[in-house]
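Now for the letters of each chain:
There are 2 protein chains.
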Amino acid sequence: MTQPFKAPKRLLMGPGPSNVAPEVLAASAQATIGHLDPAFTAMMEEVKDLLRYAFQTKNQVTFPISAPASLAMEAGLVNVLEHGDTAIIAQNGVFGGRMADIVTRCGANLVLVETDWGKPVDLDKVAQAIKAHPGAKLLGFVHAETSTGAVSDAAALARMAADAGMLSLMDTVTGLGGVPVLVDDWGVDITYSGTQKCLSVPPGLAPFTVSERAIQVVKARKTKVQSWFSDLNLQLGYWSGQGGRSYHHTAPVNALYGLHEGLRRLREEGLEASWARHAEAHRRLANGLQGLELDFVVDAPHRLPQLNSVWVPAGVDDAATRATLLNDYGIEIGAGLGPFAGKVWRIGLMGETAKDDNVDRLLDALAKVLGRGLKAAE
Amino acid sequence: MTQPFKAPKRLLMGPGPSNVAPEVLAASAQATIGHLDPAFTAMMEEVKDLLRYAFQTKNQVTFPISAPASLAMEAGLVNVLEHGDTAIIAQNGVFGGRMADIVTRCGANLVLVETDWGKPVDLDKVAQAIKAHPGAKLLGFVHAETSTGAVSDAAALARMAADAGMLSLMDTVTGLGGVPVLVDDWGVDITYSGTQKCLSVPPGLAPFTVSERAIQVVKARKTKVQSWFSDLNLQLGYWSGQGGRSYHHTAPVNALYGLHEGLRRLREEGLEASWARHAEAHRRLANGLQGLELDFVVDAPHRLPQLNSVWVPAGVDDAATRATLLNDYGIEIGAGLGPFAGKVWRIGLMGETAKDDNVDRLLDALAKVLGRGLKAAE
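First to last, the sequence lines map onto chains B and F. Its first residue numbered 1173, the first sequence is counted upward by one per residue in my numbering. Its first residue numbered 1173, the second sequence is counted upward by one per residue in my numbering.
Same shape as in the complex, but just chain B (with noise of 0.2 Å):
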């Protein structure tokens, strides 16, 4: 027979999840409700309005999907792109790449506007690549890059989207929390998220928000959404809190729980000091990684302080570092994807995880693991 699973005790510094608190686990843990229960229904609308407040959005369509931010990167494409429209998306790493071959699926034209991984990316490269087709339905890139920690000009982007008469569409999912995500003060039309970076909230959610503008495009849309589960036009008559729900899919009750209680907890704490919480865990970091002789990946105008690669050093093992790591001291740190596979750690302070313990703690941990020592470097 099976026997009942034990999680293993993890420090989380990889690139999520991240740590969570144990107040976010009890609360997914209360017994289960109806996914049409007024107490359920109530509950959903908090939600909505702290996604507001982390997304620093005034968007009535900001709800959590159903599922991994992935799916909300395929919904955002999906609910604005027909087929024989063009789509201009800015590369810089792994998510980037995931969102061009979406469009492609969509039966869009693609336009890939590549930056090199580890740099944010080139705007004037966008700006080039919008003159040089007008009539684009929409720009898509991402804030956050996970797979290499750099973070690039969200701002600037959705500027250049906008005045153009295109639609923006930001991946935050490493962002939200850690680094300002400002939707309405940028003007991005669709923006998301995932729960298990910088929320410090178990994976399987993304917050999801779209502006009115954005919604008006769904609305008038000629073809229906290729995608029945993530047609906002069926979706918004779930989440929607006027004239009564109506049954779409039933909502992760439980993981909903945990959200509320993770936005509840960055409501308290408040988005400025989780930043400044997020910057000091990295400054911290960044000091002792250069004790180690560790370089970063990304320059230090750009760096995620929530998410930080730095090269395998040349005659380590990448894999049996990290299996060190993760046997002997319980901290999982991320691999390389892509082209950095092999090349990269990728060390996470997200969340629950940003704090200087648990800094020292790895950095003691990788100074053993190296058979460096640490040196000062103030």
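A few of these clues could be false.
Heads up, the list lumps identical chains together, so a pair's fine if it works in one copy or across two of them.
[As the list claims (entries may be wrong)] In silico lysine-lysine, DSBU-like type, Cα no more than 35 Å apart, as pairs:
#: 1; residue 1: K1297; residue 2: K1396
#: 2; residue 1: K1309; residue 2: K1391
#: 3; residue 1: K1540; residue 2: K1527
#: 4; residue 1: K1309; residue 2: K1396
#: 5; residue 1: K1230; residue 2: K1181
#: 6; residue 1: K1396; residue 2: K1230
#: 7; residue 1: K1309; residue 2: K1394
Hint data in this document are derived by calculation from the structure and do not stem from the laboratory.
Knowing the structure of chain B, use the given hints to seat chain F on it.
What follows is chain F alone, placed relative to chain B:
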């Protein structure tokens, strides 16, 4: 400031979610670990094995989709259908209608075979449709219609599809664990379910199993699957145990802890014992409902024990009755959907809910609310 959410105490006797065992809630509240942690991937292998038991299948491709069952329905259809293919969909309730909608969104030709709500799928009509559409690629049907409580002859339908060289797709969201679901014996190609019905696990995941024959159809596609998230070619890189896992999306770690425990408990009880428990609870409920002069929507031979649809008696206010049950007795029963809205109550006896005590509690409350008093039925 938003207060922590406190879930009210409910007895869940609607169409799902059902009551969740404390052991499952406790399992899912364990500390989150990484989705690529060896401890986690080992647990995933157990989940796959446990699902094979629940589905009574040896299908290698058996895993939980990280989203609600309606996305699993979509995944099943978009993976095998291409533009211009023909799909025959048997509809006898809400969910067959949803299948039909998705078929058109795939650009496939829809042949809809309609049976009255509350009846099992009409096998003769399906046979005629298969005969009239040689070369049709897929027959889709709902084994256990959650909107009506009718069970259809899935074995016969799957055989008809196979005999015609078609793939079969079966929705057994409400069936799995409550009545026999014999994927291999019946020869069903694509089967999906939900966690929040007779498995008594919180909503959010969708058990999914695909035959080797259907996998070959997916691999032989001429065009890309229109959904990136649901593309089995990509999903399998993560869920298959061989040759290392490629990153696809971040699995919903804590929800999977809960599913592991729920499936483990089902295996411990045994499928036959679980089916018998559901049948016994149904008999007890049916007797009591007869005493209350409440009439079933579905004829006795075609009733799902775990989902009991009864007509709202003449002169009784549907919504007010359900609200009183919820607010004064803490019991949730379900409303009717579509043409049954306002006319039908759906009483669920699923998973943990399928116990004599719960049946008695509902009958007692119903008797009081309807102001009739229990009449002796035996």
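Now for the hints, and whether the structure bears them out:
Proximity of K1297 to K1396 under the C-alpha cut-off of 35 Å is found in both arrangements, the shortest distances being 33 Å within a copy and 29 Å between copies. Taking the closest pair of Cα atoms, K1309 and K1391 come within 35 Å of each other both inside a single copy (15 Å) and across two copies (32 Å). When the C-alpha separation of K1540 and K1527 is checked against a cutoff of 35 Å, the pair qualifies only within one copy, where the shortest distance is 20 Å, while the shortest distance between copies is 56 Å. For a Cα distance limit of 35 Å, the shortest separation of K1309 from K1396 qualifies both inside one copy, at 17 Å, and across copies, at 23 Å.
Taking the closest pair of Cα atoms, K1230 and K1181 come within 35 Å of each other only across two copies (33 Å); inside a single copy the shortest separation is 39 Å, beyond that limit. Taking identical chains as interchangeable, the C-alpha atoms of K1396 and K1230 lie at most 35 Å apart only when both belong to the same chain, with a minimum of 27 Å there against 37 Å between chains. Within a single copy, K1309 and K1394 get their C-alpha atoms as close as 14 Å, and across copies as close as 28 Å, so both meet the 35 Å cut-off.
The structure shown violates none of the earlier numbered hints.
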